[in-house]
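Protein chains: 2
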Amino acid sequence: MAAELTGNILVAQSGGPTAVINASLAGVISEALNHECIEEVYGGLNGIQGILNEDLIDLAGESQQAIRGLRYTPASALGTCRFKLRREADYQRILEVFHAHNIRYFFYIGGNDSQDTANQISKMAQASGWEMRVIGIPKTVDNDLVRTDHTPGYGSIIKHVATTVKELACDADAMADHDLVHVVEVMGRSAGWVAAGSALAKRRDHPHDAPHIILLPEVAFDPNKFLDDVTNVLKRQRYCMVVVGEGLVDAEGNYITTAAGATDNFGHSQLGGIGDYLKELVDGHIDGVKTRSSRLGHTQRAAATHASQTDNNEAFMAGQAAVEAALDGVTDKMVTLMRGETDYYSCETGLTDLEEVANGVKHLPPQWINEDGISMSYQFVKYATPLIQGEVQVPYEHGLPAFVHLAKIPVEKHLRPHRWE
Amino acid sequence: MAAELTGNILVAQSGGPTAVINASLAGVISEALNHECIEEVYGGLNGIQGILNEDLIDLAGESQQAIRGLRYTPASALGTCRFKLRREADYQRILEVFHAHNIRYFFYIGGNDSQDTANQISKMAQASGWEMRVIGIPKTVDNDLVRTDHTPGYGSIIKHVATTVKELACDADAMADHDLVHVVEVMGRSAGWVAAGSALAKRRDHPHDAPHIILLPEVAFDPNKFLDDVTNVLKRQRYCMVVVGEGLVDAEGNYITTAAGATDNFGHSQLGGIGDYLKELVDGHIDGVKTRSSRLGHTQRAAATHASQTDNNEAFMAGQAAVEAALDGVTDKMVTLMRGETDYYSCETGLTDLEEVANGVKHLPPQWINEDGISMSYQFVKYATPLIQGEVQVPYEHGLPAFVHLAKIPVEKHLRPHRWE
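From first to last, the protein sequence lines stand for chains H and E.
Position one of the first sequence corresponds to residue 267 (my numbering), numbered consecutively onward.
Position one of the second sequence corresponds to residue 267 (my numbering), numbered consecutively onward.
What the hints contain is simulated information worked out from the structure, not anything from laboratory work.
One thing to keep in mind: the hints can contain errors.
If several chains are the same, the list does not tell them apart, and a pair holds so long as it fits within one copy or across any two.
Unchecked claim - Listed next, the in silico DMTMM-like pairs over lysine to aspartate or glutamate satisfying Cα-Cα at most 20 Å (straight line):
(1) 648 / 475
(2) 674 / 475
(3) 389 / 354
(4) 545 / 518
(5) 545 / 607
(6) 648 / 614
Using the sequences provided together with the hints, build the complete structure.
Below you can see the structure in the form of structure tokens.
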């Protein structure tokens with residue numbers, strides 16, 4: 267047991283929202299309120315960007331109802347950002363904010379870029395002699411963080427995608443007066459985890475259920491093979507449902523469609539349009555079929571009404587575990603999810619070095635992709651099925667989900683405004 | 267009470283599927299099984315197209331479990347079509363099928379084109395002296411059928427759209443490191459009922475909730491006014507959510523974007539792409555904003571997991587009422603939904619002439635659109651709110667909705683194959 271460290275908590279969210287990132291926030295807040303050495307529980311608005319602006323809110327001042335409501339409210343209740351710390355002056359400013367508000371515990375909920383940010387901040391604080399504990403809490407629909415069995419957010423997005431594929435398959439199956447090819451474009455920039463998850467839409471022992479073709483960034487795209495695969499499905503049945511991850515690449519590793527080389531603040535290519543591309547490919551090369559394309563877009567990561575209870579519980583647990591670890595004296599770690607060894611699914615939290623997680627990418631194991639390159643193996647289904655179990659019961663009011671809105675009581679600023687230059 | 271007519275029932279589904287069209291089918295089947303003068307309950311596969319092919323199935327042979335499951339399974343379990351009867355020989359063929367299978371009751375679940383088809387078939391049967399009763403059952407997500415307060419399918423699609431808008435608004439609200447314009451394209455070819463329904467996403471007394479701009483086919487689109495409206499929203503808040511009906515037109519009544527004049531079998535223009543068009547319009551004319559567009563596409567009408575229990579109940583009730591009316595000797599009518607006069611919402615079924623419904627289009631009352639042209643009045647909200655109440659509880663299995671699949675036991679064919687020419 268490390269020496270007790272008395273002071274305030276700062277928690278913030280970063281990167282793309284998910285259906286359960288607020289459950290992790292709720293986990294942090296609920297656990298923090300149990301410990302006397304924690305004096306104030308502050309939230310940083312819009313991730314690191316708001317912290318630079320000294321935009322803190324008093325989370326202990328929120329109603330119990332609002333904190334409970336975070337369990338089923340999608341997206342980042344604290345706001346998020348995709349800002350990357352680069353300047354020495356920015357790091358110094360963060361340290362000033364920590365000093366000004368006696369921040370001794372910093373929890374950053376995010377993906378690999380965010381874990382990298384948390385790691386840098388912790389190093390900087392240590393170098394300056396400011397005693398504090400920094401713990402990362404994993405979050406990403408992409409499931410591409412290393413050192414964790416899976417990532418909070420992933421179970422819910424694949425539950426949403428598989429549910430939508432099942433619903434669309436009912437629709438496609440009904441339209442039997444012509445052959446139909448329906449392309450569904452889903453998220454997944456550098457790894458095919460989300461597209462792969464659509465495989466769960468197949469009922470056991472019904473290999474011909476949708477989706478019929480899954481296109482993954484891990485498998486180089488070959489237009490001729492794709493057209494052959496579609497043709498083969500249409501020989502067998504009247505519709506062919508294709509699920510494609512947005513980051514599809516060719517044999518040279520180039521994205522199939524990238525809008526004029528646009529990139530975000532982290533240098534990632536901005537993708538989109540692969541669904542329409544594949545639709546047009548079929549239109550141009552296979553006669554007598556009707557084609558559709560759907561781009562699920564941001565609805566995928568915001569679909570709280572399709573969230574997995576298992577995912578939600580684990581996201582909450584990860585938030586709690588971060589606080590517990592920090593109070594035990596741990597720092598510079600990210601909470602991980604560890605699956606039990608037994609056949610019956612179980613999950614506990616663990617810890618890994620922030621350093622290890624930062625900027626790593628976990629790809630789909632190649633052996634989980636069948637030899638045909640367009641379907642998932644039994645091992646993948648065994649891995650992913652437990653993650654989508656249970657349905658989050660969102661309360662409804664007047665016929666619609668009653669998401670909560672935080673009061674966001676501002677913490678008084680002590681510093682001069684930040685110079686953004 | 268009309269003379270009892272003993273014979274068989276034929277029920278079929280037509281046009282675009284909805285989340286509750288199978289509830290109407292379940293209503294027909296459940297009610298039919300209560301009456302001794304009904305001998306067999308047949309389903310026609312793929313609407314009128316399957317009837318021409320003599321593709322009938324024995325619905326009485328389906329399990330009770332499957333019939334119950336129709337209550338929450340989206341899309342047309344019997345299959346559907348968009349085929350339009352034109353040739354005299356086709357009408358004659360249908361009569362032959364009726365004779366061959368002693369069809370004395372025909373129920374057609376569909377939109378205005380389908381009610382027209384039912385009307386023509388009934389006239390033809392009467393002219394030939396074949397005694398039968400023909401009742402239409404309304405169905406369309408578009409809510410554009412005349413002579414009925416609203417149409418089964420509408421409540422569920424707007425519940426889905428409003429739910430999705432609320433979820434996307436959480437996501438947009440979280441991304442506050444730049445101004446954001448998010449365009450959501452929804453269904454609605456000739457009327458703006460679906461786009462209008464998104465107005466329900468606003469909480470009472472929160473006029474600044476999303477959606478901030480609703481673009482309806484009833485209001486001629488003016489790009490300059492649109493850009494002004496977006497700019498005004500962004501003066502007030504950090505994101506602007508736009509919901510647009512796919513059938514948006516300019517002052518001359520031309521669709522804003524129509525892909526090369528493509529039309530379906532009924533001569534309707536095939537639409538799409540208006541969301542991307544608006545996104546590009548903002549990109550090109552308003553500096554410093556980030557833009558997104560979502561095309562909800564076919565997920566809208568298949569979203570059983572977001573269906574309205576009120577809508578579902580009314581769809582079932584419409585199916586039952588059709589059978590009851592036919593057994594009472596009624597023919598050539600469509601079932602309607604009639605709202606009670608009191609403030610407390612109630613709904614009963616009525617009947618109207620097929621003739622009146624066929625090919626009519628119900629537009630949004632102009633007085634339900636506010637003077638700003640981009641928001642809905644209190645009267646619309648009062649009209650639409652009761653239609654989305656209650657959540658259909660879809661059973662889940664292994665983490666996903668357990669939709670049913672009919673056994674589709676074929677009825678033996680008695681006729682030679684149809685000559686399609």
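task = Indicate which option fits the pair residue 389, residue 354 if close means a Cα-Cα distance not exceeding 20 Å: within, between, both or neither.
result = Intra 13 Å, inter 83 Å, cutoff 20 Å: intra-copy only.
request  = Could you place residue 545 and residue 518 in one of the four classes (within, between, both, neither) given a Cα distance threshold of 20 Å?
outcome  = neither (22 Å within a copy, 32 Å between copies)
request  = Give the relationship of residue 648 and residue 614 under a CA distance limit of 20 Å: within one copy only, between copies only, both, or neither.
outcome  = Within one copy only: 18 Å inside, 49 Å across.
query = Checking residue 648 and residue 475: alpha-carbon separation at most 20 Å within a copy, between copies, both or neither?
reply = Classified as within: same-chain Cα gap 18 Å, cross-chain 42 Å, threshold 20 Å.
message = I want to check one pair: residue 674 and residue 475. Are their C-alpha atoms no more than 20 Å apart within a copy, between two copies, both, or neither?
response = between (47 Å within a copy, 17 Å between copies)
ask   = How do residue 545 and residue 607 come out at 20 Å by Cα distance, when the copy is not named: within, between, both, or neither?
value = For residue 545 and residue 607, neither the intra-copy (43 Å) nor the inter-copy (49 Å) Cα distance is at most 20 Å.
The structure shown violates the earlier hints numbered 4 and 5.
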